[in-house]
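Q: Hints are included, so try docking the two chains, each in its own frame, into the full complex.
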Amino acid sequence: MFGEYSLGELGSILVMQGFAGLILFSVFLLMALGLAIIFGQMGVINMAHGEFMILGAYMTYLCSHLFEAYLPSLYGGYFFAAMIIAFLAAGALGLLVEWALVRRLYARPLDTLLATWGLSLIMQQAFRSTFGAREVGVELPQWMMGSLNVTGSIEVQINGLFVMGLTLLITAAVAVLLFKSKWGLQVRAVVANRTMSGAVGIDTRRIDRLTFGLGCGIAGVAGSAFTMIGSTGPTAGQLYIVDTFLVVVFGGAQSLLGTVASALSISQSQSALEFFLTGSMAKVLTLLMVIGLLMLRPQGLFVLKVRR
Amino acid sequence: MSPRKPPFRLATPSRRQLLAGAAALSAAAFLPQRALADFPTAQVNTTGLAVTDADVTVGILHSVTGTMAISETGSVEAEKLAIEQINAQGGVLGRKVKFIQEDGASDWPTFAEKAKKLLVNDKVASVMGCWTSASRKAVLPVFEQYNGMLYYPTFYEGLEASKNVIYTGQEATQQIIAGLNWVQKEKNAKTFYLLGSDYIWPRTSNKIARKHIENFLKLKVVGEEYFPLGHTQFNSVINKMKLTKPDVIYAIIVGGSNVAFYKQLKAAGVDLTKQTLMTISVTEDEILGIGGENIVGGYACMKYFESLDNTNNKSFVAAFKKMWGDNIVIGDVTQAAYLGPWLWKLTVEKAGSFDIDKVSGASPGVEFKGAPEGYVRIHENHHLWSKTRVGRARADGQYDLIYETADLMEPDPFPKGYQ
Numbered sequence: 173m174f175g176e177y178s179l180g181e182l183g184s185i186l187v188m189q190g191f192a193g194l195i196l197f198s199v200f201l202l203m204a205l206g207l208a209i210i211f212g213q214m215g216v217i218n219m220a221h222g223e224f225m226i227l228g229a230y231m232t233y234l235c236s237h238l239f240e241a242y243l244p245s246l247y248g249g250y251f252f253a254a255m256i257i258a259f260l261a262a263g264a265l266g267l268l269v270e271w272a273l274v275r276r277l278y279a280r281p282l283d284t285l286l287a288t289w290g291l292s293l294i295m296q297q298a299f300r301s302t303f304g305a306r307e308v309g310v311e312l313p314q315w316m317m318g319s320l321n322v323t324g325s326i327e328v329q330i331n332g333l334f335v336m337g338l339t340l341l342i343t344a345a346v347a348v349l350l351f352k353s354k355w356g357l358q359v360r361a362v363v364a365n366r367t368m369s370g371a372v373g374i375d376t377r378r379i380d381r382l383t384f385g386l387g388c389g390i391a392g393v394a395g396s397a398f399t400m401i402g403s404t405g406p407t408a409g410q411l412y413i414v415d416t417f418l419v420v421v422f423g424g425a426q427s428l429l430g431t432v433a434s435a436l437s438i439s440q441s442q443s444a445l446e447f448f449l450t451g452s453m454a455k456v457l458t459l460l461m462v463i464g465l466l467m468l469r470p471q472g473l474f475v476l477k478v479r480r
Numbered sequence: 003m004s005p006r007k008p009p010f011r012l013a014t015p016s017r018r019q020l021l022a023g024a025a026a027l028s029a030a031a032f033l034p035q036r037a038l039a040d041f042p043t044a045q046v047n048t049t050g051l052a053v054t055d056a057d058v059t060v061g062i063l064h065s066v067t068g069t070m071a072i073s074e075t076g077s078v079e080a081e082k083l084a085i086e087q088i089n090a091q092g093g094v095l096g097r098k099v100k101f102i103q104e105d106g107a108s109d110w111p112t113f114a115e116k117a118k119k120l121l122v123n124d125k126v127a128s129v130m131g132c133w134t135s136a137s138r139k140a141v142l143p144v145f146e147q148y149n150g151m152l153y154y155p156t157f158y159e160g161l162e163a164s165k166n167v168i169y170t171g172q173e174a175t176q177q178i179i180a181g182l183n184w185v186q187k188e189k190n191a192k193t194f195y196l197l198g199s200d201y202i203w204p205r206t207s208n209k210i211a212r213k214h215i216e217n218f219l220k221l222k223v224v225g226e227e228y229f230p231l232g233h234t235q236f237n238s239v240i241n242k243m244k245l246t247k248p249d250v251i252y253a254i255i256v257g258g259s260n261v262a263f264y265k266q267l268k269a270a271g272v273d274l275t276k277q278t279l280m281t282i283s284v285t286e287d288e289i290l291g292i293g294g295e296n297i298v299g300g301y302a303c304m305k306y307f308e309s310l311d312n313t314n315n316k317s318f319v320a321a322f323k324k325m326w327g328d329n330i331v332i333g334d335v336t337q338a339a340y341l342g343p344w345l346w347k348l349t350v351e352k353a354g355s356f357d358i359d360k361v362s363g364a365s366p367g368v369e370f371k372g373a374p375e376g377y378v379r380i381h382e383n384h385h386l387w388s389k390t391r392v393g394r395a396r397a398d399g400q401y402d403l404i405y406e407t408a409d410l411m412e413p414d415p416f417p418k419g420y421q
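Residue numbers (our numbering), protein chains in the order written: chain A, 173 to 480; chain B, 3 to 421.
Isolated chain B (complex conformation) (with noise of 0.2 angstroms):
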C-alpha cells in the first residue's frame, strides 16, 4: 500500500530512460556542459560551502512526518527528480549534486532549527524546502542571518521578497486577477461569495480578490467567510449560498476541510457544472483525498496541471512516474518545487560561482525553458514570471486546461491598489 517508495529496480533500466528524458529536456534549455578545470573549487566558493571538486551539498527540507507531510511528500519528490536528473546531465559546474534531507515535522521551531543546522554544520550550497508560510516565516531570519538560498515552492500570499529566497510558485495577484478576469468575460459573473480557512493566506487572497472585484471589475461581493482551520461542518454556510445565490463561488479551503466542503456541497445538491465555483487552493493532489466525483466541474486557477500537453511536460510527467510510481499525481506546488534545483542550477552557471551572494544577484533574469509549466523567468523580486491557467475539473481527478494567459504575468508581491 506504500507508494512513496522509489522502486528497486530503479538503477539501471529507468535511469537510462532518465536520461532519455533530461536529454530531451536539455536539448531546449541548457548552456552547454562547462568543463570542471575552468571552475577551480578556490574560486567558486569561496565563502566556505560544501562544495568539493567532485561534488556540491544541497539541503530538502520538507515535513515527511505530521500533519503537512500530506503536501509537502509531493514537494520532496519532484526535487529529488531534479537533482536525480541535473546529476544525469554531469551536475552542477562539473560537480555531482548532493543532498541532506531534514524532517521539519510540521513543526514550525523546528524547521528553524533544521534550517540553521543545514546552513551552519552542513553548509549546504542551496536549500529547496518549505511549504507553509509559517514555515516560511520561521526560517526566513535564518536564512537572512547566516546567509543560505531558499528555493520556496508554495503559491503563497505575497508581502514578502527577501534576497535569500527564490519564491518558485505564484504569489496572490498572480494566480488571483487573471482567474477573476476570465470569470467575469467567460461566465459572465456579476456576483461572488468568498469563502476561506482562517489563516493568512485565504485571508490575503480574499482581500485582494474583494479589491478587484469590487474596484477594478465593478461587480458585487455577497459574502466573505472564514473556517478554522480543521473545520469540518459547512452546511450553513451551503445554505447561505443557497440564498444569496452568487454567480460564482470563490473557495479558498485548506487541508481536511477541502475534502468536507466538497462533500457536503455535492451532498447539499450543489451541481458544479451548473453552479460556477472556482478554487485556488485545490491542485490533483488535493483531489486524491477529496475524490473527483465530489468536485467534477469545478474551476481551479493555478499556473500549472498535470495534464498540460507541452512536450517538457510530458517527459516530467514521464520521468516522475517513472520514479515514484504511476499512481501518483503532480500538482502545483510540487512542479515548483521541481524548478528549485533547475533554477539554482542555472544561476550558479550564470554567476560562475556557488557564493550566496553572486547567486542571489545573479537570480533575476535567469530563464528556465525546459519548465514543465512553459517558460519562467526569474523577476528583480525573486518571483517567477509565469502564466496563469485555469483548468476545469474531471471526474477522473485530473484537470482540463481552459483557459491560459498570453503573456506571463508579473509578480508583484506588494500589489498597489490591493492592501
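Isolated chain A (complex conformation) (with noise of 0.2 angstroms):
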C-alpha cells in the first residue's frame, strides 16, 4: 500500500493522521464528559443529551446572527460568547427538566430512559417548529477557518486545535469542580452512598439538580463548538448520541479518568483503522473490540467501588 510514496510523504501523514486521532479524541471527550457526570454520578440514562448539544448549536446560530446584526465589529469573537450563551441556554434548561421530570424518576431508572427519550423527541419537533425543518448553516469567523502550515506537507486545522483546547479546558475544570471543591466533595458522597450522604446533611435534592445541569450545560458547551465540524438541524443530535453512550459505558460510567481514556481509545482505533480500511469497517472492528472488552469487564475500563 505504501510502497510506492517517500519517506518524507509518509512522516507527513503520520503527523496529521495522529493529530487527526487527536481531534477526535477530543470531540469524543468532549461529547461524553456531560453524559458522563449525569450517568455516572446521578445514574440517569440522558437519552436527550444530543439534544441539548443541539440546543446549544442553534444559540450559536442565533449568537452570530446577533451579532452579525448589531456587533459587526466584535464578530470574530462571536464564538466565546455564543458558548457562554450555549452553557447557560442548555444548563438552566437541564435545571427545568430535573425539577419537572427527572427527579421523580430517580427510583426508577428505566423509566427515565423512557422519559428523556420522549424529551428528546419533543425538543426535536420544537427545534423543528423554531427553526425550520432544514439545516442551518452556521458561519464560523474567518480566523477559525482553515489550517495552520507547520512544514511544507504537514497542515494542522485551526478549528481541530480550538476544539482540543476547549476540551482540555473544560475536563480540567470539571476535574477541578468533582475532585478540589466542596461541591465535588458532595457530589462523590451522593455517589458512593445517597442514603448516608442525606443522613449527614448533604442537600442530595439540590445536588441531582445542579449535577444535571451542569451535565446539560457542558452538553451545550459541546454542540456549540461541533457547528465547527458537523451539521446544525433538528435531529443532529442523534448523530452523536450513539457515540456518546459508548464512549462512557465503555470507560466505566462513575470514572471521569475512564471517560477520558475510552475517548482515547476509541477514537485512537477508529481513527487508525479509518486509515488503512475503510470508513465502516472501522466502525465494525472499533464496535467489536468495545464489545470484547466489555465482556470481559462488565463494568467498562475502570470501576469504582459504589455501594448501592
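Since the hints were made in silico from the structure, they are not lab data.
If you're wondering where the values come from, they're calculated on a predicted model, not measured in any experiment.
Mixed in with the good hints, there may be bad ones.
Across the chosen pairs, the derived CB separations fall in these ranges [what the hints assert, rightly or not]:
(1) A/Glu181 to B/Lys276: 10 to 20 angstroms
(2) A/Leu429 to B/Asn190: 51 to 61 angstroms
(3) A/Gly180 to B/Asn217: 40 to 50 angstroms
These stretches of chain B come out as covered by chain A in the derived footprint (C-beta under 8 angstroms, 3 or more residues) [claimed, not checked]:
(4) 61–69
(5) 237–245
(6) 290–303
(7) 339–345
For glycine and all other residues, C-beta sits at the position ideal for the given N, C-alpha and C.
A: As C-alpha cells, then:
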C-alpha cells in the first residue's frame, strides 16, 4: 500500500493522522463529559443528551446572527459569547427538566430512559417548529477557518486545535470541580452512598439538580463547538448519542478518568483503522473491540467501588 | 423564524400573479382546455376513484416530521404549487384537483400504512410522494396490490420499474455517466476517489461509476470508501486522499454527514477551486446546511439547478418564491416533485380517463414542455428522458451551469455492463 510513496510523504501523513486521532479524541471526550457527569454520578440515562447539544448549536447560530446585525465589529469573537450562552441556555433547561421530570423518576432508572427519550422527541419537534426542518448553516469567523502550515506538507486544522483546547479546559474544570471543591465532595459522597449522605446533612436534591444542570450545560458547550465540524439541524443530536454512550459505558460510568481513557482508546483505534481499512469497517471493528472488552470487564475500563 | 408557512395574503394579488405565470407556461405547453361535458364521470372513472363532477382527489405522501423532513419539505411545497397552478388553469378534465396530505414521519412502515389509507379509504386518483428508496420500496407492494399511481421525485439507484410508479427524478446511469465523461474531457482526470454513505443508493451509484471509469474510460479508481449514515469524522479519509492525490474526488455523502465532510475538507486546507470534486448528492437545499463558503468551487452533476436560464424556470422560481417565501432555495428533487402533478394531468388528458390502468398505459410518450428543467418525456420504462447538467457551486449557495448534455439522456434502470 505504501510502496510508491516517499518517506517524507509518509512521515507527514503519519503526523497528520496522529493529529486527526487527537481531534477525534477531543470530540468524543467533549461529547461524553456532560453525559459522564449525569449518567456516572446520578445513574440517569439521559437520552436527550444529543438534543441539549443541538440546543447549544442553535444558540451559536442565533448568536452569529445577532453579532452580525448589532455588533459587526466584534464578529470575530462571537464564538466565545456563543459558548457561554449555549452553556447557560442548556444548563437552565437542564435544571428545569430535572425539576419537572427527572427528579420524580430517580427510583425508576428505566423509566428515566423512556422519559428522556420522549423529551428528545419533543425537543426535536420544537427545534423543527422554531428553526424550520432544514439544516441551518453556522458561519464561522474568518480566523477559525483553514489550517496552519507547520511544514510544507504538514497541515493542522485550526478548528481542530480549538476543539482540543476547549476540551482540555473543560475537562480540567470538571476535574477541579469534582475533586477540589466542596460541591464535588458532596457529589462524590452522594454517588458513593445516597442514604448516608442525606443522613449527614447533604442536600441530595440540590446536588442532583446542580449536577444535572452542569451536565446539560457542558452538552450545550459541546454542541456549540461542534458547529465547526458538523451539521446543525433538528435531528443532528441523534448523530452523536450512540458514540457518546459508547464512550461513557466503555470507560466505566462512575469514573472521569475512565471516560478520558475510553475516549482515547476508541478514537485512536477508530481513526487508525479508518486509515488502513474503510470507514464502515473501522466502525465495525471498533464496536467489536468494545463489546469484547465489555464482556471481560462488564463495568467498563475503570471501576469505582460504589455502595448501592 | 418559520419560512414554512405560506404568507396569509396569498389569496388575491399573488394568485393573480400565479395565474399569469401559469398562463405563460400553458402557452408553451398544454393542450387546449377540454370541457367537462365531454368527459362524464361515469366514463372517465370506471373503477370507483375519488372523482366527482366537480373535483378529483390526489394524495401527497411525504415526511413532514422526523429526520427526512429536512429533505422532503421542498417536495411537498413543489407539489402544492403545481396543484394550485393546475387548478388555476381549470383543473384536470374540467375538475378541480383537491389533495389529501399524509405524513410518512420518516418511518417506512408508516409510509406503507398511509399509502394503503390513501388508496383504500380515500380512493385517490394518484399519489405524489416518497423520497428515500427505503420508503418507496415500502409502499411499492401497496401500490401494486391496490393498483395506485405513484409519482416519485428523487434521483435514485435504478434497478426498478413498475407500471404503478412514474420516476420523475433521474436513475443512476443518467446522473453519473455524462458527468464522468465531462470531467475526463474537461479536467483531464486520470484518477478518482469514490466516497459514499453506506446504503444502497451511494453503493449502487459508485458501482456504476467504477465500471464506467475502469471499463469504458479506461482510467483508475484509487480508493472507494463508505461511511455509516450520520458519520461526522472525515479527517482520516481526508488524509488518505492527501496521500493518494486523486484528480477527482467523487462524493455521494448524504444527510448530516455532508455538512461535516465539506467543513472538514475545507478546514484541512483542501481548496475545491484547485482540487476537483464532483458530487451527485448536494443540491441547493443541502448547501443551506453546508454553507456556500465551504463548498465553493465543487461540481455537482444532476438535471436541474435553480439558476437555469430559461423562461419555464424563471416563472417557476418566481411562483415558488411567491408562494413559499424569498429565502427558499429549489433543488433538483424539488423540481422533479413539481413535475409529478403536471405529468399526471397531461397523462390523464391523453388517456381521457382517470382509471389507473389507462393512465399507466398512456404514460409512455407523454411530454411536458413546460418543465422548469426544459423538456421531459416519459420513457416506456416509466422513467423520464432528461438532460444531465454539471454545475459549479458559488459562495452564495447557488450553482453556475457549466455543461449540459446536447441530447436527452435515456433512462436505463437495468444497465447492461454496469451490474
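Q: Hint by hint, say whether it matches the structure.
A: Hint check results:
1. Between A/Glu181 and B/Lys276 the C-beta distance comes to about 19 angstroms, which sits within the given range of 10 to 20 angstroms.
2. As the Cβ distance of A/Leu429 to B/Asn190 is approximately 54 angstroms, the hint placing it in 51 to 61 angstroms holds.
3. With their beta carbons about 36 angstroms apart, A/Gly180 and B/Asn217 fall outside the hinted range of 40 to 50 angstroms.
4. Under the rule that three or more residues need a Cβ within less than 8 angstroms of chain A, the assignment of the stretch 61–69 of chain B holds, with 4 such residues.
5. Residue count for the stretch 237–245 of chain B with a Cβ under 8 angstroms from a Cβ of chain A: 8. That meets the three needed, and the coverage hint holds.
6. Closer than 8 angstroms: that is the beta-carbon criterion, and the stretch 290–303 of chain B has 6 residues meeting it against chain A, so the requirement of 3 holds.
7. Against chain A, the stretch 339–345 of chain B contributes 0 residues with a C-beta closer than 8 angstroms to a partner C-beta. That does not satisfy the three-residue criterion, and the hint is violated.
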